[in-house]
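Sequences are here, hints too, so could you generate the full structure?
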Amino acid sequence: MQIGRAESAIESAKQAGAPGLAPESLLLAETALSDAQALLARRKSKDAERAALKSIRYAELSASQARYIMLKEAVEEKTARNAGLRRELLLGGERDKP
Amino acid sequence: MIRPWLMLMLVCALPTVEAAGIPVAESVAQLTQEMDGLDREARDGNAAALERLQARQAIERLQAARARDQQAALEEAQVLLKTAEYSVKASQLKDQLVQLDRERDAIMVEAARRDAALARRETERLRLQVLAREEEQSQGIEPESGAMPAEQQAAAASASATGEQARRVAEAKAKEAELARLEEELSAQMNARQDDYLRSRVVAGKTIYTLSATAFAPGKPALTAAAKDVLGMLSKKLKSSGKSWSVEGHLDALGDEAVNLQLSRKRADSVLSVLKSSGVPANKLSAKGLGSGKPVATNQSKSGRAQNRRIEIIQK
Numbered sequence: 001m002q003i004g005r006a007e008s009a010i011e012s013a014k015q016a017g018a019p020g021l022a023p024e025s026l027l028l029a030e031t032a033l034s035d036a037q038a039l040l041a042r043r044k045s046k047d048a049e050r051a052a053l054k055s056i057r058y059a060e061l062s063a064s065q066a067r068y069i070m071l072k073e074a075v076e077e078k079t080a081r082n083a084g085l086r087r088e089l090l091l092g093g094e095r096d097k098p
Numbered sequence: 099m100i101r102p103w104l105m106l107m108l109v110c111a112l113p114t115v116e117a118a119g120i121p122v123a124e125s126v127a128q129l130t131q132e133m134d135g136l137d138r139e140a141r142d143g144n145a146a147a148l149e150r151l152q153a154r155q156a157i158e159r160l161q162a163a164r165a166r167d168q169q170a171a172l173e174e175a176q177v178l179l180k181t182a183e184y185s186v187k188a189s190q191l192k193d194q195l196v197q198l199d200r201e202r203d204a205i206m207v208e209a210a211r212r213d214a215a216l217a218r219r220e221t222e223r224l225r226l227q228v229l230a231r232e233e234e235q236s237q238g239i240e241p242e243s244g245a246m247p248a249e250q251q252a253a254a255a256s257a258s259a260t261g262e263q264a265r266r267v268a269e270a271k272a273k274e275a276e277l278a279r280l281e282e283e284l285s286a287q288m289n290a291r292q293d294d295y296l297r298s299r300v301v302a303g304k305t306i307y308t309l310s311a312t313a314f315a316p317g318k319p320a321l322t323a324a325a326k327d328v329l330g331m332l333s334k335k336l337k338s339s340g341k342s343w344s345v346e347g348h349l350d351a352l353g354d355e356a357v358n359l360q361l362s363r364k365r366a367d368s369v370l371s372v373l374k375s376s377g378v379p380a381n382k383l384s385a386k387g388l389g390s391g392k393p394v395a396t397n398q399s400k401s402g403r404a405q406n407r408r409i410e411i412i413q414k
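Chains as they are written, first to last, in the numbering used here: chain U, 1 to 98; chain X, 99 to 414.
No wet-lab data here; the hints were simulated from the structure. Among the hints, a few may not be true.
Stated by the list, open to error - Listing some non-contacts, in silico: residues in chain X with all C-beta distances to chain U over 10 Å:
{"#": "1", "residue": "Ser125"}
{"#": "2", "residue": "Thr130"}
{"#": "3", "residue": "Arg202"}
{"#": "4", "residue": "Glu220"}
{"#": "5", "residue": "Leu226"}
What the hints assert, rightly or not - So, partial list: chain X residues that the calculated Cβ filter (under 8 Å) puts toward chain U:
{"#": "6", "residue": "Val177"}
{"#": "7", "residue": "Ile205"}
{"#": "8", "residue": "Arg299"}
Glycine included, each C-beta is placed from N, C-alpha and C at the ideal position.
In structure tokens:
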């Protein structure tokens with residue numbers, strides 16, 4: 001049950017850009033998921049559940065971190081674009097149509 | 099010699115801190131302090147509320163954890179706190195992005211105002227030129243019969259120049275109207291809220307959804323991201339109704355009607371495209387642009403024009 005949730009949490013993190021933006025926590029999530037699968041194979045279901053939960057936590061952390069970094073970049077880009085736009089407007093230079 | 103059962107009792111009696119070798123009380127205090135700081139940072143109280151709640155609950159679990167579970171509980175609390183921190187910061191950045199969009203809109207409004215002012219001056223200048231030329235012609239001596247071909251040529255050239263100027267005046271006026279609409283749409287969008295996008299009413303037993311022009315990029319047929327979300331939700335209703343729907347684009351009477359027809363059609367197509375991609379069957383949808391032909395309010399006022407710029411999704 002938790003293993004399935006961990007797998008989908010990792011998938012969500014990947015879709016959020018974690019492989020490029022938050023690789024460390026994503027790796028911890030994947031390692032914990034592998035541990036959980038190995039434990040389950042050895043019929044240690046309680047330990048497997050715990051490892052899977054750890055995987056979920058790290059996957060959520062990596063997704064959250066990735067989203068934060070993407071937003072930060074977007075804010076920086078928009079700030080720079082607005083500054084450029086204002087400069088062009090004040091100087092009367094060429095600019096894009098809205 | 100201590101008996102095993104006595105040893106077990108002693109171990110159980112020891113505080114969990116010593117048993118696990120983790121300074122739990124210290125960790126809990128530090129994590130709680132960080133948590134409090136994070137709650138203060140989430141100014142409106144709603145930012146990343148779930149993540150913050152989860153982190154706080156994890157700290158409480160750490161406090162109550164048995165010795166053997168403390169390491170895992172501490173790790174979980176730290177990870178959840180970090181997740182909450184990123185979520186709070188992300189929420190603040192989203193607010194910043196909205197602010198930056200508003201700032202950009204304000205800059206563009208200012209630009210549109212300047213362009214409109216320039217266009218107005220150019221229109222006036224050209225209008226005066228045309229007037230001056232017309233006066234010159236009316237005051238001039240009528241060509242005598244049997245006038246020299248050279249004079250006829252000059253008169254023809256003069257008429258041609260007047261026509262050219264009239265064309266330029268018309269162009270400048272069209273440009274001015276286009277800019278005026280752009281300015282109005284930018285201003286409207288800056289003041290728009292998401293729940294302003296879509297309204298519905300029932301006429302003769304048939305539902306009509308009206309999407310305001312603030313759902314589009316000013317002066318363009320492209321829908322904003324927020325409007326696409328709204329249409330995504332609407333598509334579920336349209337789909338479940340099983341009815342056919344006509345998407346009609348309307349504009350105000352500013353500017354050239356050919357341009358209005360084109361833009362209203364493109365906007366209707368944009369809406370149709372989103373509805374289609376959100377699951378409404380293509381054979382249940384049609385789109386057309388009606389330009390300024392079917393106004394619902396006066397075109398003499400800003401608010402009237404804003405009402406006229408719309409998309410109607412009409413049940414067939």
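Evaluated hints:
1. At roughly 17 Å, the least C-beta separation between Ser125 (chain X) and chain U is larger than 10 Å, which holds for a residue marked as non-interface.
2. Distance check for Thr130 (chain X) against chain U: the nearest CB is about 19 Å away, which clears 10 Å, and the non-interface claim stands.
3. Residue placement check: Arg202 (chain X) does not keep its beta carbon more than 10 Å from all beta carbons of chain U (closest about 5 Å).
4. The Cβ of Glu220 (chain X) sits about 15 Å from the closest Cβ of chain U, beyond the 10 Å cut-off, so the non-interface label holds.
5. Distance check on Leu226 (chain X): its Cβ is at least 24 Å (rounded) from any Cβ of chain U, clearing the 10 Å threshold; non-interface status holds.
6. Of the supplied interface hints, the one on Val177 (chain X) holds, with its beta-carbon coming within about 5 Å of a beta-carbon of chain U, less than 8 Å.
7. Given hint, Ile205 (chain X) at the interface with chain U, holds; its Cβ is 5 Å from that chain's nearest Cβ, closer than 8 Å.
8. About 31 Å separates the beta-carbon of Arg299 (chain X) from the nearest beta-carbon of chain U, more than 8 Å, and the hint is not met.
In summary, the structure is inconsistent with hints 3, 8 from the numbered list given earlier, while agreeing with the others.
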